[in-house]
Structures are given as structure tokens and as C-alpha cells.
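Novice: Could you build the full structure based on these sequences and the hints that come with them?
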Amino acid sequence: MTDRRRIQGPEMSVPPLGMGEEDSQGLPGQDSAPVVIGKDGLRNDGRLPEAPRPMFLRTGLVTQASGSAFLECGRIKAVAAVYGPRQEKRQYFTGAETGRLYCEFKFSTFSGRVRRGHQRDALEKEYSQFMQQALAPAIHLDLLPKSAIDIYVQILEEDGSAAALAAAITVASTALADAGIEMLDMVTGCAVGYVDGQVLVDCTAKEAAAAQGELVLSRMPSMGDYTHIHHAGSVEYDLVMQAVEVSGDTCAKIHGVVNKALLAPKEE
Amino acid sequence: MPSSLLSPVERDFIRSSILSGTRSDGRGPSDYRTPELVTCLIPQTDGSARCRLGDGTDVLVSVKAEVGSVDLSSGGDTGRVVCNVEASPSANQSFEGRGADELNNELTRALDRAIAGPQGGLDLKALCIVPGAHCWDIHVDALILDDGGNLMDALFMAVRAALCTSRIPATTTQDVGEGQVEFEVVDDVDQAKAIAGSKDLPLCVTVHQIGEGHVVDATPTEALCSSAQIHVSFNGSGQLCALQKGGSGPIEPSVLMSMMQTGREQAKKLLSWVDGELVRQEKLDKEQRRLGQAPTSQALF
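Keeping their order, the protein sequence lines are chains A and B.
Taken in order, the first sequence gives residues 1 to 268; the numbers are from the working numbering.
Taken in order, the second sequence gives residues 269 to 569; the numbers are from the working numbering.
Note that these hints are calculated values from the structure, not bench results.
Just to be clear, a hint being listed does not mean it is correct.
Claimed, not checked - Simulated crosslink set (DSBU-like; lysine-lysine; CA at most 35 Å straight-line):
hint: 1; chain 1: A; residue 1: 39; chain 2: A; residue 2: 266
hint: 2; chain 1: B; residue 1: 393; chain 2: A; residue 2: 39
hint: 3; chain 1: A; residue 1: 89; chain 2: A; residue 2: 106
hint: 4; chain 1: A; residue 1: 253; chain 2: A; residue 2: 125
hint: 5; chain 1: B; residue 1: 332; chain 2: B; residue 2: 536
hint: 6; chain 1: B; residue 1: 393; chain 2: A; residue 2: 106
hint: 7; chain 1: B; residue 1: 332; chain 2: B; residue 2: 551
hint: 8; chain 1: B; residue 1: 467; chain 2: B; residue 2: 332
hint: 9; chain 1: B; residue 1: 551; chain 2: B; residue 2: 536
hint: 10; chain 1: A; residue 1: 125; chain 2: B; residue 2: 551
hint: 11; chain 1: A; residue 1: 125; chain 2: B; residue 2: 332
hint: 12; chain 1: B; residue 1: 554; chain 2: B; residue 2: 332
hint: 13; chain 1: B; residue 1: 467; chain 2: B; residue 2: 393
hint: 14; chain 1: A; residue 1: 206; chain 2: B; residue 2: 393
hint: 15; chain 1: A; residue 1: 206; chain 2: B; residue 2: 467
hint: 16; chain 1: A; residue 1: 125; chain 2: A; residue 2: 266
hint: 17; chain 1: B; residue 1: 554; chain 2: B; residue 2: 536
hint: 18; chain 1: B; residue 1: 461; chain 2: B; residue 2: 554
hint: 19; chain 1: B; residue 1: 537; chain 2: B; residue 2: 461
hint: 20; chain 1: B; residue 1: 467; chain 2: B; residue 2: 537
hint: 21; chain 1: B; residue 1: 332; chain 2: A; residue 2: 206
hint: 22; chain 1: A; residue 1: 206; chain 2: A; residue 2: 146
hint: 23; chain 1: B; residue 1: 332; chain 2: B; residue 2: 537
hint: 24; chain 1: B; residue 1: 332; chain 2: A; residue 2: 106
hint: 25; chain 1: A; residue 1: 206; chain 2: A; residue 2: 39
hint: 26; chain 1: B; residue 1: 393; chain 2: A; residue 2: 125
hint: 27; chain 1: A; residue 1: 125; chain 2: B; residue 2: 536
hint: 28; chain 1: A; residue 1: 125; chain 2: B; residue 2: 467
Specialist: Below you can see the structure in the form of C-alpha cells.
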């Protein structure tokens with residue numbers, strides 16, 4: 001549902017000319033099944049199946065927030081801002097002995113090829129819930145009674161929704177650390193896709209469209225525990241187990257990037 | 269979810285009893301309460317089912333097929349499955365107003381993830397009436413009437429039963445030239461056909477992690493003690509269709525593996541139970557028809 005008074009843009013966004021060959025391939029209406037893994041065993045962008053895209057991560061983007069981080073991974077661009085801990089305004093009878101974590105995950109209206117609404121849709125609400133489940137185990141909420149922490153993640157550009165959730169989890173935990181909130185461990189997320197019985201790490205939107213299913217996993221890399229997992233697509237049980245293992249390893253790799261970003265000297 | 273409070277003593281009691289292998293209602297950790305499944309109980313729908321678990325959980329599912337226009341961006345030759353779950357405030361007063369929003373969204377998305385795509389097993393191409401123009405929209409609407417724990421599993425059982433017993437009206441198409449195709453929905457009930465692929469629909473099993481142990485089919489009190497749970501959906505051929513973690517606690521990798529294994533075994537048992545129940549009810553129905561008896565009317569309460 002578009003609110004005509006607020007945004008008077010067109011329903012569909014059209015990429016400007018010359019955005020590269022990669023764009024013209026994924027247009028709807030093309031019949032031929034896309035080739036995801038070439039004969040040389042490499043993917044279209046030259047990556048190995050188990051290789052994630054290079055990741056850029058930096059803290060301190062939003063000046064007004066208690067902590068913030070920006071992540072860029074391929075075409076995905078995500079901003080996370082953490083506010084709090086603040087006093088919990090809503091009085092709950094239960095759960096007051098621990099702090100509360102509120103997450104808001106939002107795709108920008110212009111994040112993808114098809115324009116998204118400015119109101120949160122079912123997917124964004126679900127991803128907000130997933131983020132809350134993924135991050136809460138890592139935060140010392142028991143040290144923050146009667147308080148609340150707010151996390152806002154804005155996806156500026158997306159490349160597959162599962163990869164966006166994984167990026168959101170990673171960038172949000174970096175922002176939490178930047179805010180100086182006590183945590184047990186960082187949380188890193190990873191998305192994988194199943195293509196022809198193979199597990200592809202960190203799928204682009206085009207690869208995800210050709211995949212039989214996707215799995216998103218988030219993990220506390222030092223402790224080893226999984227904090228969130230979800231999977232869709234009918235695949236064999238053993239392949240899912242393999243995907244869990246591969247994505248768990250990738251989460252450990254991403255941990256290195258997060259550490260580096262947090263230890264980097266801040267630019268003034 | 270019921271927002272009742274649980275004292276630390278009660279929590280300890282439940283945790284230690286699970287570790288010793290007996291739960292407070294006498295079941296073992298992997299014992300399921302016997303579900304109660306009734307189908308075809310709402311005459312104005314194309315298919316319906318109700319699943320009750322234990323003395324609480326009560327889920328009512330209706331299936332209605334409507335003619336819609338195809339989605340051209342995905343090829344234009346497939347039908348659609350649209351899921352919606354609503355928790356009635358009668359189940360829990362906290363569901364009043366917007367109180368159930370989060371639960372509704374969680375259950376709707378979980379159902380969507382498991383059955384609305386190709387992983388659900390339904391033959392979406394068979395739901396297309398006129399390629400590039402019209403298709404069937406299968407609306408799966410679920411109503412949660414009461415919550416006695418383990419809503420997700422009961423929901424999936426009711427959805428499978430409702431879709432397996434649904435009958436979609438037959439259609440005839442006629443080419444009127446110039447690339448135009450007209451279709452007509454046949455009124456004859458006897459020509460209505462089952463939804464192709466409904467036997468491949470997955471069933472969900474929820475496994476709760478409580479302390480160091482894990483249990484299936486948790487009661488609301490047990491759910492309050494659980495730090496995390498996983499919902500696994502398997503279809504008849506043993507493929508994993510959907511998997512999702514719930515709750516805000518971490519799960520160790522080895523524990524996750526054993527929880528998934530428990531879910532896998534339980535799903536196999538549950539699938540054969542639901543299928544057996546559907547066959548039994550169909551047989552009963554056929555027998556009554558043969559004898560010319562009126563079908564036993566299904567009372568809601």
C-alpha cells in the first residue's frame with residue numbers, strides 16, 4: 001500500500017543505463033535457467049563455492065547514536081544504530097528483572113529492483129524478531145534490569161533477502177560493541193544457498209533465485225553456540241547438516257573482520 | 269504465549285524432572301500427546317480441519333480457493349498459496365487488539381516458508397487455469413481457538429489435513445481465437461478434484477531445549493522454562509523443508525544436532541499417524557455414502 005501523500009515516486013524503480021552487464025541478466029521474463037557454477041567450479045563472480053564476498057565494516061557512522069556500524073558486502077549496504085540502554089517506559093509485570101532488546105529491521109524503499117513500501121511488511125517484522133533472537137543471547141541483559149536497548153538496522157541496498165538478514169545481524173552486533181554494551185561474545189551471521197546438491201556461501205540475489213533453498217545461521221564465534229538458524233527449501237537432511245557446518249565456519253571468518261573493525265583507530 | 273509467571277522452584281522442578289526422564293504429566297521426553305484430528309467440518313469452505321492436542325491446544329484451519337490473476341513476474345503459469353494465521357483473543361486475553369501481532373506474524377511466516385513455495389510439495393503449476401491470465405489462489409486461513417502449548421505442530425497437522433481433504437472445482441477452458449482463452453468453473457461437486465501434491469506437504473515438530481535436556485510437544489509451563497526451541501518440518505520423503513529457531517537462548521552445535529534428530533524421528537511418526545487418520549476418516553465417509561447414510565455431522569464443541 002503506497003501512501004501517495006508521502007512518496008510520489010513510481011511503483012517500480014528502473015536502474016540507470018550502464019549499470020553493468022550483471023544487471024541486465026537477472027531481468028524477469030528470461031527463460032533460460034541461469035548458470036550459477038561454471039565448468040571450472042567457480043561462481044559467476046569468480047568465487048569458490050565456500051568463499052564469502054569481501055566485507056567492509058566500520059563503526060561510528062551515526063553521530064547521535066550510542067553506537068553504530070556500517071557494513072558493505074558485495075552490493076549489500078547496511079547501517080546499524082544502537083540507542084540505549086535507556087529506561088524501559090512500558091511497565092511489564094514479567095521480565096522486568098532483565099533488560100529488553102528491541103530490534104527494527106528495515107529495507108529502504110529503494111533497496112532493490114522492486115520498490116518496497118515504507119511500512120514494515122511481514123518479512124521485515126519477522127526479520128526484526130529473528131534479529132532479536134540472534135542478538136539477545138550475546139548481551140548481558142541480566143545486568144540491565146528495567147532498561148531497554150534499541151537497535152535499528154537499515155538496509156540501503158540489498159542483494160538477496162537472506163544475505164541481508166545475515167549482514168544485519170553482523171552489523172548490529174558490531175554496533176552494540178561500539179556502544180559499549182556488555183556482551184558475552186560477538187554475533188556473526190552467514191547465509192548459504194543450496195544449488196544442485198552443493199552449498200554456496202553468501203549467495204547473491206541471482207544465485208539465491210536459482211537455489212533450491214537457503215539457510216541463515218548466526219553464531220557466537222568464540223563460544224561456538226548458535227543463536228539463530230532458519231532454513232527453507234526441500235533438501236536432504238545431510239545437506240542441511242553440511243550447510244550448518246559450512247556457515248558456522250564462515251561465521252568464524254567474519255569474526256576476524258568484526259574484530260578488525262572494532263580495533264581500528266577511530267577517525268576524528 | 270501465556271504470560272503466566274513461573275517460580276524458580278517450579279522451574280527447577282520441571283528441569284530436573286526432564287533430566288530424570290519423566291515430565292510432570294507422566295510423559296517421557298519424546299512422548300507426544302495424542303492429537304485429535306477432525307476434517308471437513310465447515311461446509312462453506314473447500315476444505316477444513318481442526319486439530320486438538322492434549323486438553324488445550326485447538327487450531328481450526330479452512331481452505332478456500334478463489335480465482336485470481338497470475339503473477340507475471342514469476343512466469344505467469346503458477347497458482348498461489350496464501351497463508352494467514354490468527355490467534356483469537358478467546359485463547360488468551362493478551363491476544364486482544366494488537367497483542368497477538370507478533371505470534372500471528374511468526375506462525376504465518378513459518379507456514380509460508382514451509383508450504384507456500386516449491387518446498388511445500390503442492391503442484392503450483394496445476395493450480396494455473398489460463399497461463400498468463402488466471403490461476404487459483406488457495407487461501408489457507410488458520411484460527412487459534414485455544415493454546416495448550418505446541419501451537420506450531422498442531423497448526424501444521426491441521427493444515428495438512430485440510431489441504432489433503434480439499435476439493436477444488438474443475439474448470440473448462442475454451443479458445444475464442446485471437447489468443448483469447450475463456451474459462452468456466454464447473455459447478456458439479458463430483459468433478460471437483462483434490463489439490464495435486466497435497467500428500468507431499470510437510471509436518472512440523474517443535475523441540476524445546478529445557479536445561480540440558482530436550483522435549484517434544486511441550487506444555488505451556490514447559491515452554492516457559494525453555495530457553496530455545498527449534499521447529500523442523502519434514503515431508504514424507506524425509507527431506508527437510510523448513511527449519512527455524514525460536515526463543516532467545518543459544519543452542520550448542522551438538523545439542524542442535526541431537527534436537528534435529530529427535531525432530532526427524534518424531535516427524536516420521538507424526539506423518540504416518542496423520543495419514544492413517546485421514547485414510548480412516550475417508551473410509552468411514554465412503555462406507556456411509558455406500559449405505560446411503562447421512563454423514564455424521566461434526567459438531568464444533
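Novice: Take a quick look at whether residue 89 (chain A) and residue 106 (chain A) sit within 35 Å of each other, Cα to Cα.
Specialist: holds (23 Å)
Novice: Would the hint linking residue 125 (chain A) and residue 467 (chain B) be met if the CA-CA limit is 35 Å?
Specialist: Holds, because 31 Å separates the two Cα atoms, which is no more than 35 Å.
Novice: Keeping to a limit of 35 Å between CA atoms, is the pair of residue 393 (chain B) and residue 125 (chain A) held or broken?
Specialist: holds (30 Å)
Novice: Taken at face value, is the distance from the CA of residue 551 (chain B) to the CA of residue 125 (chain A) at most 35 Å?
Specialist: violated (43 Å)
Novice: Are the Cα atoms of residue 39 (chain A) and residue 266 (chain A) separated by 35 Å or less?
Specialist: This hinted pair is violated, its Cα atoms lying about 44 Å apart.
Novice: Does residue 332 (chain B) lie within 35 Å of residue 467 (chain B) when you go C-alpha to C-alpha?
Specialist: holds (18 Å)
Novice: Holds or violated: residue 467 (chain B) with residue 393 (chain B), Cα cutoff 35 Å?
Specialist: Cα-Cα ~16 Å, so holds.
Novice: Within a Cα-Cα threshold of 35 Å, do residue 551 (chain B) and residue 536 (chain B) meet the stated pairing?
Specialist: holds (23 Å)
Novice: Please verify whether residue 461 (chain B) and residue 554 (chain B) have alpha carbons no more than 35 Å apart.
Specialist: holds (16 Å)
Novice: Are the Cα atoms of residue 332 (chain B) and residue 106 (chain A) separated by 35 Å or less?
Specialist: holds (32 Å)
Novice: Within 35 Å, alpha carbon to alpha carbon, are residue 537 (chain B) and residue 461 (chain B)?
Specialist: holds (28 Å)
Novice: Would the hint linking residue 125 (chain A) and residue 332 (chain B) be met if the CA-CA limit is 35 Å?
Specialist: holds (26 Å)
Hints 1, 10 and 22 from the earlier list are contradicted by this structure; the remaining hints agree with it.
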